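Trainee: Each chain, written out:
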Amino acid sequence: MSLVMPDGTISRHVPGTGEEARHVLVVIVNNKPGVLNRVASLMRSRNFNIESLTVGHTERPDISRMTLTLRGDDFAVEQVSKQLYRLIDVLKIQDLTAARRIEHELALLKVRATNSTRGEIIKIVELYRGQIVDIAQDSVIVEASGTVDEIDALVALLGGFGIREMVRTGSIVMGRGSGVVELKEG
Amino acid sequence: MTMTRRATERAAGRHVPSAGTPGAEAVERARSAMLNDAKPRGRTRIGADVLCEALLRQGADVLFGYPGGVILPLYDVLDAYPELRHVLVRHEQGAAHAADGYARATGKVGVCLGTSGPGATNLVTGIATAQLDSIPMVAITGNVPGALIGKDAFQEIDITGITLPMTKHNELVRDPDRIAGAVAEAFHIARNGRPGPVHIDITKDALQGETQAPHPTDEEVRAALPGFNPTMDGHPRQLRLAAEEIGRARRPLILAGHGVLLADAMDALRAFAEKTQIPVAHTLLGIGAIDEEHPLSYGFMGMHGWKHVNRAIQSADLLIALGMRFDDRVTGKVSTYAPHARIVHVDIDPSEIGKNVAVEVPIVGDVKRVLDALIPLVEAVQPTEREAYAAELAAWRGDSESASWHGSGAWRDGLLSADFVIARLGELTDHDATLVADVGQHQMWLARYAGFKRPNSHLSSGGLGTMGYGVPAAMGAALGRPDKETWAVVGDGGFQMTFQELMTLSQDNIPVRIALLDNKKLGMIRQWQEIIYSGNYHSAHLPGPDFEKLAEAFGIPTFRARTPDEVEPAIRGAQAVDGPVLCWFEIAETQNVFPMMPAGKGLSDLIETWGEAAAG
Numbered sequence: 001m002s003l004v005m006p007d008g009t010i011s012r013h014v015p016g017t018g019e020e021a022r023h024v025l026v027v028i029v030n031n032k033p034g035v036l037n038r039v040a041s042l043m044r045s046r047n048f049n050i051e052s053l054t055v056g057h058t059e060r061p062d063i064s065r066m067t068l069t070l071r072g073d074d075f076a077v078e079q080v081s082k083q084l085y086r087l088i089d090v091l092k093i094q095d096l097t098a099a100r101r102i103e104h105e106l107a108l109l110k111v112r113a114t115n116s117t118r119g120e121i122i123k124i125v126e127l128y129r130g131q132i133v134d135i136a137q138d139s140v141i142v143e144a145s146g147t148v149d150e151i152d153a154l155v156a157l158l159g160g161f162g163i164r165e166m167v168r169t170g171s172i173v174m175g176r177g178s179g180v181v182e183l184k185e186g
Numbered sequence: 001m002t003m004t005r006r007a008t009e010r011a012a013g014r015h016v017p018s019a020g021t022p023g024a025e026a027v028e029r030a031r032s033a034m035l036n037d038a039k040p041r042g043r044t045r046i047g048a049d050v051l052c053e054a055l056l057r058q059g060a061d062v063l064f065g066y067p068g069g070v071i072l073p074l075y076d077v078l079d080a081y082p083e084l085r086h087v088l089v090r091h092e093q094g095a096a097h098a099a100d101g102y103a104r105a106t107g108k109v110g111v112c113l114g115t116s117g118p119g120a121t122n123l124v125t126g127i128a129t130a131q132l133d134s135i136p137m138v139a140i141t142g143n144v145p146g147a148l149i150g151k152d153a154f155q156e157i158d159i160t161g162i163t164l165p166m167t168k169h170n171e172l173v174r175d176p177d178r179i180a181g182a183v184a185e186a187f188h189i190a191r192n193g194r195p196g197p198v199h200i201d202i203t204k205d206a207l208q209g210e211t212q213a214p215h216p217t218d219e220e221v222r223a224a225l226p227g228f229n230p231t232m233d234g235h236p237r238q239l240r241l242a243a244e245e246i247g248r249a250r251r252p253l254i255l256a257g258h259g260v261l262l263a264d265a266m267d268a269l270r271a272f273a274e275k276t277q278i279p280v281a282h283t284l285l286g287i288g289a290i291d292e293e294h295p296l297s298y299g300f301m302g303m304h305g306w307k308h309v310n311r312a313i314q315s316a317d318l319l320i321a322l323g324m325r326f327d328d329r330v331t332g333k334v335s336t337y338a339p340h341a342r343i344v345h346v347d348i349d350p351s352e353i354g355k356n357v358a359v360e361v362p363i364v365g366d367v368k369r370v371l372d373a374l375i376p377l378v379e380a381v382q383p384t385e386r387e388a389y390a391a392e393l394a395a396w397r398g399d400s401e402s403a404s405w406h407g408s409g410a411w412r413d414g415l416l417s418a419d420f421v422i423a424r425l426g427e428l429t430d431h432d433a434t435l436v437a438d439v440g441q442h443q444m445w446l447a448r449y450a451g452f453k454r455p456n457s458h459l460s461s462g463g464l465g466t467m468g469y470g471v472p473a474a475m476g477a478a479l480g481r482p483d484k485e486t487w488a489v490v491g492d493g494g495f496q497m498t499f500q501e502l503m504t505l506s507q508d509n510i511p512v513r514i515a516l517l518d519n520k521k522l523g524m525i526r527q528w529q530e531i532i533y534s535g536n537y538h539s540a541h542l543p544g545p546d547f548e549k550l551a552e553a554f555g556i557p558t559f560r561a562r563t564p565d566e567v568e569p570a571i572r573g574a575q576a577v578d579g580p581v582l583c584w585f586e587i588a589e590t591q592n593v594f595p596m597m598p599a600g601k602g603l604s605d606l607i608e609t610w611g612e613a614a615a616g
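Chains U and L, in that order, are what the protein sequence lines are.
Numbering-wise (the working numbering), the first sequence opens with residue 1 and increments by one.
Numbering-wise (the working numbering), the second sequence opens with residue 1 and increments by one.
Calculated directly from the structure, the hints in this document are not laboratory data.
Among the hints, erroneous ones may be present.
Using 30 Å as the maximum straight-line C-alpha spacing, the simulated DSSO-like pairs for lysine-lysine come out as follows [claimed, not checked]:
{"#": "1", "chain 1": "U", "residue 1": "LYS110", "chain 2": "U", "residue 2": "LYS123"}
{"#": "2", "chain 1": "U", "residue 1": "LYS32", "chain 2": "U", "residue 2": "LYS92"}
{"#": "3", "chain 1": "L", "residue 1": "LYS108", "chain 2": "U", "residue 2": "LYS82"}
{"#": "4", "chain 1": "L", "residue 1": "LYS549", "chain 2": "L", "residue 2": "LYS520"}
{"#": "5", "chain 1": "L", "residue 1": "LYS601", "chain 2": "L", "residue 2": "LYS108"}
{"#": "6", "chain 1": "U", "residue 1": "LYS82", "chain 2": "L", "residue 2": "LYS453"}
{"#": "7", "chain 1": "L", "residue 1": "LYS601", "chain 2": "L", "residue 2": "LYS333"}
{"#": "8", "chain 1": "U", "residue 1": "LYS82", "chain 2": "L", "residue 2": "LYS333"}
{"#": "9", "chain 1": "U", "residue 1": "LYS32", "chain 2": "L", "residue 2": "LYS333"}
{"#": "10", "chain 1": "L", "residue 1": "LYS275", "chain 2": "L", "residue 2": "LYS453"}
{"#": "11", "chain 1": "U", "residue 1": "LYS32", "chain 2": "U", "residue 2": "LYS110"}
{"#": "12", "chain 1": "L", "residue 1": "LYS484", "chain 2": "L", "residue 2": "LYS549"}
Remember, it's a predicted structure, so these values are computed and weren't measured experimentally.
Could you build all of it, start to finish, from the sequences and the hints given here?
Mentor: If you want it as structure tokens, here you go:
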């Protein structure tokens with residue numbers, strides 16, 4: 001794969017130098033001690049840039065499911081999958097970037113709230129289908145779930161009141177429709 | 001308000017379980033087991049027995065190891081398994097390199113052993129060497145008893161955390177019932193697919209614990225590893241595409257890598273090259289993939305490869321890469337690499353495809369199985385059909401070879417040049433000995449001038465470039481292939497890193513012949529400093545001991561050569577010795593390896609001569 005440069009010389013494409021985009025991968029792994037460490041260590045040692053990584057059980061107790069979001073060009077993201085497959089405990093990887101999918105994360109926000117602002121905060125939270133899960137004299141805890149963009153927007157709106165503490169889980173993802181991430185190649 | 005026990009402990013500032021609790025008893029048992037543990041004879045089957053049984057079941061016959069506190073339960077039972085030969089190295093790094101050399105020379109899985117803590121960390125360099133060169137190896141370490149893990153016990157370190165990024169797989173075994181499965185899985189993973197090292201860390205209590213656990217069948221091993229399914233056969237559609245590319249190409253070139261040797265695909269490669277009349281260039285670890293005297297063998301590529309080979313790559317319209325990974329020492333600057341070539345890339349590891357260069361036809365599979373399937377799909381080509389191409393390549397080859405030592409004539413002036421020594425060594429061993437390189441200039445001279453005909457007769461730390469590899473790896477190779485003469489070809493730098501293994505060679509009378517190319521320098525460092533760092537020779541001068549006296553202290557005879565005339569008698573003299581022997585060649589001190597592609601430059605930017613030290 002080569003490009004002819006403006007001066008007439010030919011330049012071979014160097015993998016990893018293309019345009020970056022955000023990708024969402026589902027990684028099915030053995031539910032064993034140290035597997036998260038293996039995945040995280042690989043991402044670090046191969047110089048891949050993780051945006052978020054979540055992990056939890058699946059319907060099978062011996063299997064865990066990770067959702068990885070990262071940025072990279074097509075070659076780099078293909079490399080991530082191929083490198084992950086080298087791990088013995090990785091059973092299946094699916095790139096859901098191009099798929100119709102539900103992609104949500106959960107956020108908890110501790111927002112400064114006074115008697116005069118609390119009502120406004122509650123209205124905003126309702127608009128975003130979030131809920132107030134704790135109220136203190138001068139703050140509230142907001143729980144919200146949604147896409148990364150939705151949470152970003154909510155954070156921006158509540159930022160004006162003063163966010164004292166925030167935690168976000170990172171995305172979890174599932175393809176729409178009846179298809180599932182199968183363990184075996186179909 | 002009542003406090004839980006845990007809260008009480010926290011309040012008291014204690015970090016250990018309270019006396020009388022089950023946790024505390026486990027820690028106490030483990031502590032006393034660290035100190036007092038010899039098993040009475042007439043004992044029942046313990047974890048260490050299972051480990052030996054499992055090693056034997058996997059065909060292991062030599063273990064390279066060094067004892068230590070927590071792996072002593074294994075040493076306590078080793079006498080009961082006389083078929084397992086234990087070679088007591090003098091440093092664990094030597095054990096790992098010896099297991100690596102054994103694996104490379106035989107194609108079998110090499111085994112090395114070490115204790116916890118420093119024993120385990122000393123193995124790390126050798127494990128990393130095996131990882132970078134895809135060498136099947138199983139490294140076994142002991143660890144402190146399970147209850148002490150995480151307590152910074154004596155000689156405790158998180159060794160599986162350390163080996164995680166440099167092994168194909170690793171496992172901490174804490175249960176004697178798990179040892180049989182862990183060892184069987186380790187060998188299965190190490191030898192199948194793309195080979196590589198697997199590390200098993202076994203706690204002392206697991207080695208000592210009684211167990212009746214059976215050994216798993218091959219079926220059970222496979223079933224236990226659902227995430228390990230190497231693709232062996234190339235996809236038929238990709239094979240057809242490759243055949244089409246080959247049919248269209250006018251200037252095709254095969255790049256043969258280590259994968260050809262690992263897949264035992266030498267015959268298939270020769271048949272494929274002969275049917276298509278495509279010349280074969282090889283990587284450093286691809287040496288031996290084709291007999292260098294075969295008319296279609298074109299030579300060694302890359303940073304210190306032959307100029308004609310790199311020229312052929314730069315002018316090729318199709319590269320057929322077989323079991324090689326487009327390492328930076330092979331490609332140089334990727335954007336200027338083989339600018340006119342389309343690429344067919346065959347590798348068993350999908351992650352190698354598209355990693356360093358983008359390719360047109362990727363084929364994931366075992367090189368032998370892919371070639372066997374591809375050969376019927378390609379059209380037979382008569383030598384006459386490629387006459388013009390072959391003539392041009394032959395002319396380039398003539399040019400480039402006459403610019404090497406044959407042309408330089410340095411040796412005629414009585415100066416002992418390294419390439420002369422290497423060429424004579426190749427000839428006097430009938431190009432059939434196992435020649436094991438260390439790392440540096442001599443490694444490149446060996447690759448260029450020895451002339452290899454047989455697979456697995458050239459061992460070299462290519463990926464990691466581990467100085468100190470040569471002597472211990474040759475020890476493993478000599479034990480693995482006692483039917484072949486074994487030479488370690490080392491520089492004075494690498495030799496001084498691991499020459500403690502001379503005592504192992506001497507103790508076990510292992511017939512390793514050592515060709516020491518002594519230029520009293522870190523030669524490759526000196527070369528880079530001369531050419532790239534304006535002659536700033538910091539730390540390149542490396543005084544060594546009197547190597548003859550050194551060898552004598554280990555009970556090893558020495559043959560010494562300072563002039564070209566003395567080379568043959570020295571080699572012949574060493575060949576007559578039954579056991580380890582040193583050939584000390586005091587070579588010209590400032591000879592460089594040419595051509596040389598400076599790091600960051602492309603294959604067309606070779607430096608061929610420099611200053612007065614242009615020979616070679």
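Trainee: The structure should be examined with respect to each hint, and the outcome stated for every one.
Mentor: Results of checking the hints against the structure:
1. LYS110/U / LYS123/U: Status holds; Cα separation ~16 Å.
2. LYS32/U / LYS92/U: Holds. LYS32/U to LYS92/U sits at ~15 Å (cutoff 30 Å).
3. LYS108/L / LYS82/U: With Cα atoms ~27 Å apart, LYS108/L and LYS82/U stay inside 30 Å; holds.
4. LYS549/L / LYS520/L: 16 Å, holds
5. LYS601/L / LYS108/L: 38 Å, violated
6. LYS82/U / LYS453/L: 35 Å, violated
7. LYS601/L / LYS333/L: 5 Å, holds
8. LYS82/U / LYS333/L: Given that 30 Å is the threshold and the Cα spacing comes to 24 Å, the pair holds.
9. LYS32/U / LYS333/L: The given pair, whose Cα atoms are some 41 Å apart, is violated under the 30 Å limit.
10. LYS275/L / LYS453/L: 20 Å, holds
11. LYS32/U / LYS110/U: 34 Å, violated
12. LYS484/L / LYS549/L: 28 Å, holds
Hints 5, 6, 9 and 11 from the list above are not met by this structure, while the remaining hints are.
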